[in-house]
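> Line by line, the protein sequences are chains D and A.
Mapping to my numbering: the first sequence position 257 is 296, numbers consecutive.
Mapping to my numbering: the second sequence position 419 is 716, numbers consecutive.
If you're looking for bench data, these hints aren't it; they were derived computationally from the structure.
You may find that some hints are simply not true.
[Stated by the list, open to error] Below are the EDC-like pairs computed for lysine to aspartate or glutamate, each with C-alpha atoms no more than 16 angstroms apart in a straight line:
id	chain 1	residue 1	chain 2	residue 2
1	D	K281	A	D785
2	D	K281	D	E266
3	A	K563	D	D190
4	D	K300	D	D178
Note that the coordinates shown come from a computational prediction; the quantities given were computed from them, not determined experimentally.
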Amino acid sequence: MGPLLAILIWGITLWSVIITARANGGMPHRISDAANQINAQFFTTLVVVAIAFVLAQGLLGWVILRYRGRAGQRASYNHGNQLVEVGGTAVVGVVFVILAILGQRVWANLHLGAANPNAVAIEITGEQFAWNIRYPGPDGVFGRTMPALYDAISNPVGLDPKDAAGLDDIVTLNTLAVPVNQPVELRLGSKDVLHSFFLPNLWIKQDTVPGMRIPLRFTAREAGDYELLCAELCGLGHYRMKGALRVLPADQYAAWLVETKGP
Amino acid sequence: MAVQHQPAVHHPEPPSGFLRRWVFSTDHKVIGIQYWGLAILAVLVGMTLSALMRLQLAFPTGTWPTLAKIFKTGFAGGVMAPEFYISLVTMHGTIMVFYVLTTAPMGGFGNYFLPIQIGARDMAFPRLNMMSFWVTFVAFLVIIAAFFVEGGAPMGGWTAYPPLSALGSIVGPGQGAGMNLWIISIALFCIGSLMGALNFLATTLGMRTQGMSLGRMPLTVWAWFTTAVLALLSFPVLMGAGILLLLDRNAGTSFFVPEGLVVSGKMIDHKGGSPLLWQHLFWFFGHPEVYIAILPGMGATSQILSVFARKPIFGYRAMIGALFAIGLLGFFVWGHHMFMSGMNPTTAIAFSLLTLTIGVPSAMKTFNWIGTLWGAQIRFTTAMLFALGFVSLFVSGGLTGLFLGQTSIDLFLHDTYFVVGHFHLIMGVAAIFGMFAGTYYWFPKMFGRHLNEKIGKVHFFLTLVGVYCIFMPMHAQGMFGHPRRYYDSTSYAFLKPAQDMHLFITIAALSTISVQILFFINLLWSWKKGPRAGKNPWEATTLEWIMESPPPFENFHADPVVHHGPYEYSVPGAKSDYIMQTDPPDAMPAGHRS
Numbered sequence: 040m041g042p043l044l045a046i047l048i049w050g051i052t053l054w055s056v057i058i059t060a061r062a063n064g065g066m067p068h069r070i071s072d073a074a075n076q077i078n079a080q081f082f083t084t085l086v087v088v089a090i091a092f093v094l095a096q097g098l099l100g101w102v103i104l105r106y107r108g109r110a111g112q113r114a115s116y117n118h119g120n121q122l123v124e125v126g127g128t129a130v131v132g133v134v135f136v137i138l139a140i141l142g143q144r145v146w147a148n149l150h151l152g153a154a155n156p157n158a159v160a161i162e163i164t165g166e167q168f169a170w171n172i173r174y175p176g177p178d179g180v181f182g183r184t185m186p187a188l189y190d191a192i193s194n195p196v197g198l199d200p201k202d203a204a205g206l207d208d209i210v211t212l213n214t215l216a217v218p219v220n221q222p223v224e225l226r227l228g229s230k231d232v233l234h235s236f237f238l239p240n241l242w243i244k245q246d247t248v249p250g251m252r253i254p255l256r257f258t259a260r261e262a263g264d265y266e267l268l269c270a271e272l273c274g275l276g277h278y279r280m281k282g283a284l285r286v287l288p289a290d291q292y293a294a295w296l297v298e299t300k301g302p
Numbered sequence: 298m299a300v301q302h303q304p305a306v307h308h309p310e311p312p313s314g315f316l317r318r319w320v321f322s323t324d325h326k327v328i329g330i331q332y333w334g335l336a337i338l339a340v341l342v343g344m345t346l347s348a349l350m351r352l353q354l355a356f357p358t359g360t361w362p363t364l365a366k367i368f369k370t371g372f373a374g375g376v377m378a379p380e381f382y383i384s385l386v387t388m389h390g391t392i393m394v395f396y397v398l399t400t401a402p403m404g405g406f407g408n409y410f411l412p413i414q415i416g417a418r419d420m421a422f423p424r425l426n427m428m429s430f431w432v433t434f435v436a437f438l439v440i441i442a443a444f445f446v447e448g449g450a451p452m453g454g455w456t457a458y459p460p461l462s463a464l465g466s467i468v469g470p471g472q473g474a475g476m477n478l479w480i481i482s483i484a485l486f487c488i489g490s491l492m493g494a495l496n497f498l499a500t501t502l503g504m505r506t507q508g509m510s511l512g513r514m515p516l517t518v519w520a521w522f523t524t525a526v527l528a529l530l531s532f533p534v535l536m537g538a539g540i541l542l543l544l545d546r547n548a549g550t551s552f553f554v555p556e557g558l559v560v561s562g563k564m565i566d567h568k569g570g571s572p573l574l575w576q577h578l579f580w581f582f583g584h585p586e587v588y589i590a591i592l593p594g595m596g597a598t599s600q601i602l603s604v605f606a607r608k609p610i611f612g613y614r615a616m617i618g619a620l621f622a623i624g625l626l627g628f629f630v631w632g633h634h635m636f637m638s639g640m641n642p643t644t645a646i647a648f649s650l651l652t653l654t655i656g657v658p659s660a661m662k663t664f665n666w667i668g669t670l671w672g673a674q675i676r677f678t679t680a681m682l683f684a685l686g687f688v689s690l691f692v693s694g695g696l697t698g699l700f701l702g703q704t705s706i707d708l709f710l711h712d713t714y715f716v717v718g719h720f721h722l723i724m725g726v727a728a729i730f731g732m733f734a735g736t737y738y739w740f741p742k743m744f745g746r747h748l749n750e751k752i753g754k755v756h757f758f759l760t761l762v763g764v765y766c767i768f769m770p771m772h773a774q775g776m777f778g779h780p781r782r783y784y785d786s787t788s789y790a791f792l793k794p795a796q797d798m799h800l801f802i803t804i805a806a807l808s809t810i811s812v813q814i815l816f817f818i819n820l821l822w823s824w825k826k827g828p829r830a831g832k833n834p835w836e837a838t839t840l841e842w843i844m845e846s847p848p849p850f851e852n853f854h855a856d857p858v859v860h861h862g863p864y865e866y867s868v869p870g871a872k873s874d875y876i877m878q879t880d881p882p883d884a885m886p887a888g889h890r891s
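Taking the hints into account, I'd like the entire structure generated from these sequences.
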């Protein structure tokens, strides 16, 4: 029984390392500095975890193989060894805490830095099961909105026609266009239930919460078409709350805004 | 009403009526078996739900005419409806977490063996004990009823985040009557668990027999005790939150719903609430709940490893310290479920640092289990195999937590299949391996007959391979970015590599589920026909092994007196390789007496 179990544990360990290493090569293509930093932290953790995983499972397999019972023999008698316990645990503790501290840097950059006044501001409002996307227009100011004015077709974000700042706002559905290499600051919200705004190629997500406007920043470094999806259970259509991220060169972005605004 | 220690010579008789003896029983052993049986019933339901989910994930365009005959609305036209899929997710999670992972290890084995292992004749409050089971049983009936009401079972996930859970059927089928029943079921479950926890604490602290000092209690007892502390402190919070949610839904309050909501073009008449408040309350319970599920498994594993390694547990005191440390830290890390919730990002950093410190006591447990095996003479019984499997799964599931505990990595991995893989390994499968280990170990004591070891070993090896084949690839799917709770992901091009894994996982899941038939056949067959078990078939030291199998009513003919610690195996110079806790003091060779 012992050899079979030991070999099985080692086999499972090897297989787990292989599929994880292969998956590491297939993670979403990264198009921002933050994504690269998150990936770096992920990779550091992957290496630490892989070492701990192989050591622990390897050792477990080894003691199972080595200490199979034999008839008439007695096991060694000891109640523990404080040096081994404290020493081993301290090493693990130090490694884990260092990892945790390193892991905060990207997070702090993303969430705790001062807002960039030159960032392109875009408002995202989730609803069952679509993303409303609003640009402030040439005046750079978002017009006032009121939930009472929501209308699925004529006024999806509830713009107040009495507010002049809102007249040039650009409202669209499910397609988020952003200029390449320019900082963007999203303001995330929701009309109804929780959603989570997930851009896999930027490696970021953020829940959208009704009653709150939560900022999310990124700078996309590579033009192209990418996917946008919902990551928080929001109802039966959760899986099809699909959108698109278009990262455009500055001129195409300007043209896209004009075209989307319409006459 | 506390049952005090009885006079030394005592011939108690069980109640003669069938109902009082076997149904509305106050006997902790009967109640333990009732809880254990309830968990088996619940696991059958929960497993069936997961099989249906796996079908949909592997064959998103599949049609199932046979299933359409059973689930008329869920499979209308032979195709699974998206709302039915989400209700499967919700009910699978709820039934497994509450009615399996919480009832079997604690209510089942804890009820049966905690009093015996400390030398007590019953729990401190036998009537309360009976009530706690029956309240839990009614709670189970209520959750099952949710399948049959208008709109079907709820679809808010086992976490029931508002506003989705607060607004009624306007946000989706199942969110009407089904969601109300979900909340009522959980509130009842909380009441049952509270009564149980109170009983466990009072029994452990007040009912120990002569000589059973705290430092001589088996680690199983320490684990149940710690679990009871966690349950006592966390379930009331969930119950309170559930009542508030029920009021939001039915009485017009707004604890969790803010102003200005519009659902399907309709204004919602609520204001002033916060969806994040629910998440804080829920996870203040929810994180300790993870440990409520896993700590008894750790206790059983420690116990079984020591018995079949024929060695004392390595670092007994450190193991108790680690149990308490994990339990205590478990109350300060709930925010790691909420990094992406919109919670203050600075707070998230504090939660992240605290979360990774849980790695320290967890590592200590792993070290000490391997230390226990070091220099052992391992006997590979089925119980031992499952305990060894527990250690392997605990390592795997624990280590993947290092990714998710970090705020920055969670930006990408939160709410993906990586999370699903992680928590299934640690709180699902590891905890279930703890239960399997406990079942194979204690079945001879509970029913007086052995389970078949050959079938048991086949069951173990196939299950071990099976669960790794199910849950390891889920980590890879999460790394590709696959969100959880998706009815169908085929419209997302970037998820192609993850979709290709669904079929493999489904085959592994259906195979592993089929393998469990071996276990159920083994249970039924051995219950009637298994070889008779003697008093102490495993040559173990703790008190349950000094009595006949199954134990007599009120356990002890005379109150036992304890002279030794729980893990005296292979003491040099001793007559046999184990010294039972009740053996006379001179069973311990002079050089080793403390």
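> With a cut-off of 16 angstroms on the C-alpha distance, tell me whether D:K281 and D:E266 pass.
Holds. D:K281 to D:E266 sits at ~8 angstroms (cutoff 16 angstroms).
> Tell me if the straight-line CA distance from D:K281 to A:D785 falls inside 16 angstroms.
holds (12 angstroms)
> Given the hint that D:K300 pairs with D:D178, test it: the Cα-Cα distance must not exceed 16 angstroms.
holds (14 angstroms)
> Is the straight-line distance between the alpha-carbon of A:K563 and that of D:D190 16 angstroms or less?
holds (10 angstroms)
The structure is consistent with each of the numbered hints, conforming to all of them.
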